[in-house]
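Asks: This is what each chain is made of:
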Amino acid sequence: MKELKQLLIMMAMVIVGITAMSMAPSSVHAATDNSLAAVQKKGTLVLATSPDYPPYEFQVNQKGKSKIVGMDVSIAKKIAKDIHVKLVIKSMTFDSLLVALETGKADMVLGGMNPTPSRRQSVDFSDIYYMGGQDFLINKADASKYPNQKSLANQKIGAQTGTLQYNLAKKYIPGVTIKGMDKGTDLVLALKTHKLEAVGMEKPTAEAYAKNDSSVIAIHSSYKLDKNSTGSAIAFRKGSDSLVAAANKSIREIKKDDLINKVYLNQAGKYLKVNTANTSMGHYWKYFAEGVEYTLIIAAVSGIIGVLLGVILALMRLANNKLLKGIAVGYIEFVRGTPLMVQVLFVYFGVGVIINLPALVSGIIAVSLNSGAYIAEIIRGGIDSVSKGQDEAAKSLGLSKTDIMRSVILPQALKNIWPALGNEFISLIKESSIVSIIGVTDLIYQLNIVRADTYRGVMPVFVAMVLYFILTFGLTRILNHFEGRMQHDS
Amino acid sequence: MTHNAVIEVKDLAKKYGKNDVLKNISEEVHDGQVICVIGPSGAGKSTFLRCLNKLESPTKGQIKFNGTEITTLSEKELSTVREKMGMVFQNFNLFPNMTVIQNLVLAPIKVKKMSSQDAEKEARSLLKRVGLEEKANAYPDSLSGGQQQRVAIARALAMNPQVMLFDEPTSALDPEMVGEVLAVMKELAEEGMTMVVVTHEMGFAKQVADEIWFMADGYIQEQGTPTEVFDHPKTDRAKDFISKIINS
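First to last, the sequence lines map onto chains C and V. Its first residue numbered 1, the first sequence is counted upward by one per residue in full-length UniProt numbering. Its first residue numbered 1, the second sequence is counted upward by one per residue in full-length UniProt numbering.
Each hint can be trusted.
List time: in silico PhoX-like cross-link candidates among lysine-lysine, alpha-carbon distance up to 20 Å:
(1) C:K401 with V:K76
(2) C:K388 with V:K76
(3) V:K112 with C:K401
These are computed hints drawn from the structure, not numbers from a lab.
Work out the full structure, taking the sequences as your base and the hints as a guide.
Replies: This is the structure:
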């Protein structure tokens, strides 16, 4: 009981320490504003965006190369040009954008983002650069059934979770059943399969869908909204006044010449046509290939580090030293007791406050640390499964503890735990997909890009499913081969 | 006898919780002696044997090996004592992840820092001695129980021990395989190896032992030559035990 108490106190102290460290920087930024000077000094303006939202931002597959384009990217480029620095684009999920800003992973965020009061509490916004307006996407066959917003009362409506559209529909459409999903493509799929009657969307997005899919059309909403909840603005870290002012200057120029409607949206439209000109999966093979590559890198590296870490933790746990044992038990319990997704976010954003780690490295670290805890328990079970007689026989020969472990116990343990270890490796391939939330271009991330670019909901999912299966099945064959080699029975 | 005491046991006691397994034992094993420890099951014979190389830690008492007190040694220091006391277990305890020859050369290479060539040469001659030369590259699981136990004896001998401890070496064997293992042990005894054997094989004990220790209830109740203990037991406990095994 006493040990448990000490352990809990220790863990609590670690958490408090880390939290305190991650709180500190925001106050530093507020004190002095050298944001513009800092950006100009490093020569790069880092934009964080979630490129699955055409025509605002999306990826285009041009001459075999993939790049992030869209109206927001054009604006960001202009701002960078106006303050004489290079634009660097970091992609990640929408939910992670503001965190990236707060933790210094990015200098600004564009993502068709509405400057709502609650968002204003954590970040600063530029002037509004675009008034999108709100539309609903409906099935063309229902055009006469749902001519306007009023007719959607008491119906089932979808919207992206955490967005303005979600909250508006919930608030202003009487009797509505609202269904939230993460991806626009999923919502449109649900609409087309009549699981939803309408999907709330920003006007340009809805129009882009209607243009690329003849079975859906866009209708206007009749929400009465103020600018802050319907316009898009650029987010900056709190206290970046000089940077905000520079951006506002660029926005004024954009508005004066109406660059968005005259130039940027047209460019985006052209890129969209490139994407949808050929939506066969073969055309997008490079996306999937990159996804497979990253998924394999993450799984392989994390697997190796996980095994090493697992062996060390298992030995610590079996040690007589109470401190080592306590550390190992605490680590294993804590890591197993928290979701991998939270750990990935923590390593990328939380530890990122102290050392700025790239997304891929953060992902690998988080997945390795996580699988190390699970593998440690598998290995401990394996060591326990080797009969006591083996240890005694080895001891009676005068072998040292290290030699007994290395030559006698671990090889036998490995054979016993091989199937469980194989399970862990297979789930590593699948569960590493969670790193897509911090923008690592693994298979799941690429899958979502392809879905967004091609407006095809099911086929990319099917391709990814087959690819995952090929990966795991291949791994199973390799594992079986080694298992066969460890069989020493007659 | 003029032999020196290799193992000296003084006031040895061992408790598991409230259970007194060994109560108070003081004995000596002399160089070249073959001692057979007999007695009913639960008498504490195996525990006693396992205390001698400290696989079990005594609750009380001293054990000296070549004059060195071993009950106070660290695990690391103990390994230098253990390499001189070969041990053979009831369940053989061969390493199933290694071939027969690998089982034999592991400790000489790791502990004695022998070259693998020398160790292998030695191992092959030991395998020849136990009649299993042709099984050098087989894995233990493909051998019969008798063969495995003979390999286990060879493995212990590979460390060139001063004493051999046998913990019921034939109890887990099918009856037809007992003979081959006892033959190896008998040969070893005839060559002058110091041996402590916990056994139920009374024929072997009678024939090979220099001294019989009869154990019951955590004490050594009676000791003497095979003739003394088997033919003229003094205590009731020994009389009872011996009449039972003769009549069975």
